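*Asks:* Sequence:
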Amino acid sequence: MKIKPGFKYFILTFLVVIFLALLVPRKINIMVSDIGRHLKNGEIFVTTGKIVDTNYYSYTEPDFSVVNHHWLSGIIFYVIYSGFGFAGLNIIFSLVMGVSMFLIMYLSQNKTGWVVSLSCSLFMSIFILSRLEVRPEVFSCLFFVLYLIILNEFKSGKISFKPTLIILFILQVFWTNLHIFFILGPFLVGSYFLIALIERNSICIRFYGYLLVVTVLAGIINPWGIRGLLEPLLIFRGYEIKVVENMTIFYSIVLHQGNILARDYLLFFIFTLLLGLFSPLFFKKFYLNKSNYVWYAVFIFFGLLTARIMRFVSFYGFYGVYFFTLLLGSVPEFLVYFRKIFRFILPLAIFTLFTFSFSSPEYGFGLLPNSEKASEFYLSSNLTGPILNNYDDGSYIIFYLFPGEKVFVDGRPEAYSSEFQTAYSTRVFEDTKAFENQNTRYSFNTIFLPSSSLNSQTREFVLRLIKTGIWKPVYLDEHALILLKNNAANLSVISKYQIPNLSEKLIVTKHNDRTGISSPWLFLIKIFS
20 MKIKPGFKYF ILTFLVVIFL ALLVPRKINI MVSDIGRHLK NGEIFVTTGK IVDTNYYSYT
80 EPDFSVVNHH WLSGIIFYVI YSGFGFAGLN IIFSLVMGVS MFLIMYLSQN KTGWVVSLSC
140 SLFMSIFILS RLEVRPEVFS CLFFVLYLII LNEFKSGKIS FKPTLIILFI LQVFWTNLHI
200 FFILGPFLVG SYFLIALIER NSICIRFYGY LLVVTVLAGI INPWGIRGLL EPLLIFRGYE
260 IKVVENMTIF YSIVLHQGNI LARDYLLFFI FTLLLGLFSP LFFKKFYLNK SNYVWYAVFI
320 FFGLLTARIM RFVSFYGFYG VYFFTLLLGS VPEFLVYFRK IFRFILPLAI FTLFTFSFSS
380 PEYGFGLLPN SEKASEFYLS SNLTGPILNN YDDGSYIIFY LFPGEKVFVD GRPEAYSSEF
440 QTAYSTRVFE DTKAFENQNT RYSFNTIFLP SSSLNSQTRE FVLRLIKTGI WKPVYLDEHA
500 LILLKNNAAN LSVISKYQIP NLSEKLIVTK HNDRTGISSP WLFLIKIFS
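Going left to right, the sequence shown walks through residues 20 to 548 as my numbering numbers them.
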């Protein structure tokens, strides 16, 4: 029986997606991840039909209005978790990332062939695979690539206007309710609209104008209407808490002090950005078509955006694959030599990639070992709040302890007033006076901190609290630290679990997983440098 070519292509595509997906899975560090809150959002919707639109999980500002811009992602995550647990979340996340990587390679190979496309993908995978924590951002990665493909197919005449309009409208509605980066959809449409203006193609100007209007209007279809549409432009208003992933990529050097690979990661980012910036000097044939300067501008935009806000690094990587293949595709004579060279380099690079990936201690499915023990200790010991926690572990407490306990703060600055953030940001875990002001207001009974992300100031602050005799450490592992107020209600737990000589056991960490840098991929820098 002869196998049809279409079936062979399907099998090959399936194997490539699985191959790419196998690079992705990392055990979830739920103590400092937002996934717990996403799951709780989904659980509340599934069980009550309610979309959380206030600071529902906090006892400090429970009525503060919030645009829950990833509410649909929470539902999807919860449904997956209910059926397949945390390992299921890893698998789906990995598959979506695998599909996204395959699609950007598929789009790029139309310009240069598979060898060059795969080489550029490997080159930029350092950035694409930087953020491997299970998060709603993965849907934006997929939709971003889908938009590029659909708009490219429409421009080349392979898809007519009406199907393009319908598909983009449907995608934009879903994207708007899945993740805040939905604004990238209209941005990409606007890029093609700008190309049509430069080319003075009146028909394309009209078509892309319609597409731009429709994708923007589709963004209104969310529970908050116009407010939800504008949220990507307004979310940073009143931000007083410093969120690492929203900071400049250069800050990663500060967080990874002494880490040579982190330094090289930053240098490699600068190298790729400069490579694109000065590409008009080396790819003059490509820029003979003035409309191609739009692709150039988009690349520089994502580069500067990533330099300013490091959480955009994956999109810089995805678009970089497309941009660099466009450049290389404009020089056919160079492609011949490029293919010959990389046919030898690619197998070694891919083998090394898998070797380092599988050997990473973080590689795998489910949670990091012992992740749930802190919550189990809290519940089995019948501890009570109010809990003082920090930005990192709020989601953990929400997932495991809500509704019995609410949080002091969690990883959403936009869910708290600027006044509260200012009070929190006045070094509540570093300054004794700031702590006492908050303690007087909320009467803390428990302090619950992620031991995996303690800085030196917080460590010293904790030790000072213990020296006062008012606070006693009762739990410590590689994920969490719990202190109890030394009062009659907590006496039995303290007498049973008090930890002596905490200063010898409390380790300062130089960084945590929220930076956007995933070290197993940094070795690729060495390959390309």
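Hints were generated in silico from the structure; no laboratory data involved. Please read all numbers here as calculations on a predicted model, not as lab measurements. Hints may contain errors.
As the list claims (entries may be wrong) - Within a straight-line C-alpha distance of at most 30 Å, the following computed BS3-like cross-link-like pairs (lysine-lysine) qualify:
| hint | residue 1 | residue 2 |
| --- | --- | --- |
| 1 | 261 | 392 |
| 2 | 261 | 486 |
| 3 | 303 | 174 |
| 4 | 130 | 304 |
| 5 | 309 | 130 |
| 6 | 392 | 304 |
| 7 | 174 | 304 |
| 8 | 69 | 130 |
Unchecked claim - What follows is a set of in silico ranges between Cβ atoms, one per label pair, in the way DEER data are often shown:
| hint | residue 1 | residue 2 | range |
| --- | --- | --- | --- |
| 9 | 350 | 175 | 17 to 25 Å |
| 10 | 219 | 379 | 49 to 57 Å |
| 11 | 391 | 66 | 18 to 26 Å |
| 12 | 459 | 323 | 12 to 20 Å |
| 13 | 370 | 436 | 48 to 56 Å |
| 14 | 350 | 293 | 15 to 23 Å |
| 15 | 301 | 323 | 33 to 41 Å |
| 16 | 290 | 360 | 16 to 24 Å |
| 17 | 366 | 84 | 22 to 30 Å |
| 18 | 487 | 84 | 32 to 40 Å |
Positions of the beta carbon are idealized from the N, C-alpha and C atoms, including for glycine.
*Asks:* Now tell me, hint by hint, if it's right for this structure.
*Replies:* Do the hints match the structure? See the list:
{"no.": "1", "hint": "261 with 392", "result": "holds (29 Å)"}
{"no.": "2", "hint": "261 with 486", "result": "holds (29 Å)"}
{"no.": "3", "hint": "303 with 174", "result": "holds (23 Å)"}
{"no.": "4", "hint": "130 with 304", "result": "holds (15 Å)"}
{"no.": "5", "hint": "309 with 130", "result": "holds (18 Å)"}
{"no.": "6", "hint": "392 with 304", "result": "violated (61 Å)"}
{"no.": "7", "hint": "174 with 304", "result": "holds (21 Å)"}
{"no.": "8", "hint": "69 with 130", "result": "violated (47 Å)"}
{"no.": "9", "hint": "350 with 175: 17 to 25 Å", "result": "holds (21 Å)"}
{"no.": "10", "hint": "219 with 379: 49 to 57 Å", "result": "holds (52 Å)"}
{"no.": "11", "hint": "391 with 66: 18 to 26 Å", "result": "holds (21 Å)"}
{"no.": "12", "hint": "459 with 323: 12 to 20 Å", "result": "violated (44 Å)"}
{"no.": "13", "hint": "370 with 436: 48 to 56 Å", "result": "holds (52 Å)"}
{"no.": "14", "hint": "350 with 293: 15 to 23 Å", "result": "holds (19 Å)"}
{"no.": "15", "hint": "301 with 323: 33 to 41 Å", "result": "violated (20 Å)"}
{"no.": "16", "hint": "290 with 360: 16 to 24 Å", "result": "holds (19 Å)"}
{"no.": "17", "hint": "366 with 84: 22 to 30 Å", "result": "violated (55 Å)"}
{"no.": "18", "hint": "487 with 84: 32 to 40 Å", "result": "holds (38 Å)"}
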